[in-house]
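Residue numbers (the numbering used here), protein chains in the order written: chain A, 1 to 253; chain B, 1 to 314.
The set of hints was computed from the structure by calculation and includes no laboratory data. Since we're looking at a predicted model, the values are computed, not measured.
Restricting the straight-line Cα-Cα distance to at most 20 Å, the calculated cross-link-like pairs of lysine to aspartate or glutamate (EDC-like) are:
| no. | chain 1 | residue 1 | chain 2 | residue 2 |
| --- | --- | --- | --- | --- |
| 1 | B | Lys77 | A | Glu41 |
| 2 | B | Lys87 | B | Asp220 |
| 3 | B | Lys87 | B | Asp61 |
| 4 | B | Lys87 | B | Asp250 |
| 5 | B | Lys275 | B | Asp128 |
| 6 | B | Lys77 | A | Glu40 |
| 7 | B | Lys77 | A | Glu196 |
| 8 | B | Lys255 | B | Glu94 |
| 9 | B | Lys143 | B | Asp109 |
| 10 | B | Lys275 | B | Asp130 |
| 11 | B | Lys77 | A | Asp38 |
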Amino acid sequence: MRAYELIKETFLRRRSIAVIHLIWLVLYGLFWWLFLPDPEEYGRFLLLWGGFLLPLALSAGILGDDIASGRICLLVTKPFWAGELYVYRLIGLSLQGAMQFLLAALLVFVLHTVTRRSSVSGLGLWLFASWLLFNTVAALSTSVSVVIRRVHNSLLLLVTFLTGATVAQILISNLSNHPLGTVVAGFFRYPFPPFELLRHLAKGDYARESLSLGGWRIPTSIACVGHSLILTVVYAGAGILLLTRRQFSGPRD
Amino acid sequence: MTKLKRRIGVWALILVGGLSLESWALHTLRPSAGRWRSEAVVKDEPVAHALYDQMTATMRDAGSLSYECTYSSPGRKAQRYLVWLKKPNYFRVEAINARGARTGTLVGDGSHLWIYWPGECPQIDPDDKDVPPEARLNLYMMKATPVGRHSIGHEVMNLGPHMPIIDPSTFHGYTDSLQPYIDGAAGRGTDRIAGQECDVIEVSIMNAQRTWFFWISREDHLPRRMKQILRWIGTSVGVEEWSNVALGSDIPKDKFVWSPPEGWRQWIPPDPETKLLKPGQVAPDFALRSMDKGRIKLSDYRNEIVWLYIWRSG
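Go ahead and model the full structure; you've got the sequences and the hints to work with.
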């Protein structure tokens, strides 16, 4: 019952959540209608808007609001374990993401059937990759909201990612012929949300275009999915640790 | 204490399991630097080589052949080609991009080939201000096609960004320039592609500068999938898949007929010689990636004699 209530809260905690879902669906439809993208273009759009920006929008203040209002003291009162609050909030976000992507798939299918244009082949893999990225970014954002007040967690992550991506791009392109380039690329590729790896997964690169032959289809794809899930767990673990270690005494938190 | 020990044990197990899984994932996902060329050179196996020869012979001996091939490579959009081939020297290739739009057609009527595009001629530099937009439309190319001595594969580059791994001209008796440089062919087991049982072979060329994998159908000895790995400064991978393969079917002759509609103009590629530097002209500075020294610039060799030797691998 508690789990159900906490999960339901993630859908209803702000009126803007329904509006965000609606806006995102409209954007998916408009992008398809106006640009008639091929599956890869549409998939990249989904990965960026649905996998990265949507969790930031939905998780804004997911714990920060309760901390700022003082309600967190009631929520984490023993004998309930504080980590449960985090886990159920994250599950709620993940369910929102899954629901959003299913609706996006339905929308695209309807548009494709009506217009008989473009193609939907391979879109399922893009949606799956977007959902994996959604979970990772949602976990990171939820963890950040434990320490950042109100809705600033999303804004902070957005600015950090944009800055980090720019710096990474500059460093990697300047160090392309230097041995340090591999180290820098690895630094940005593995500990942070796996945009590049999931993009390769969604494009089907792991299934067809690895260098070796024999048993090369499944292991690399599983490794990518596994890495994404482990990152989600690591981010969530950090958030749970921070939440359980913090002492909440009232509205001044 | 026992409960605490059990809890610690469970968490330790989870931690070790998670770390192992993540280590394996990172190892599997590491960017592949490519196999060492020497490891990639294939030792010839007579059985596998016979399969390769049989595939070539099947294409050469057929009276007609049609198939659909999709070529894709990482970072680039897939390109589809519809191919019809008929003896003695007829062919047609239609190029379709990832959105399903036709991007160009190549028709061989027995003595000449014709290439035409639905929109602008893609061979004209989009930044070339000397060519107005209206002059880029309704253009076609025409070339003579001596039997067995022209390459459809190279002409296909005028339709799309990818060159087929197997040159369709093999059907007409053309021999790929890479054939004399095959190191060997080796068997790599069997696989099932689109419901067809296939023998898989690996062919390396020029000391594994290039590797081909073929999934050859046991039913008609024609490929259903091919993978090409090019090892040069970087490594590039391309995959080509065949479907709707029809051997010996009756292809109507009007498939291989085309003549330019009224108002269309022949486009002749500009002579590359016109863009060469003239003696005494100052060379522009440029930088290139070296195999082992990072970036080298022409200006690094100022006041020295520089010999530019430009060669093509494969």
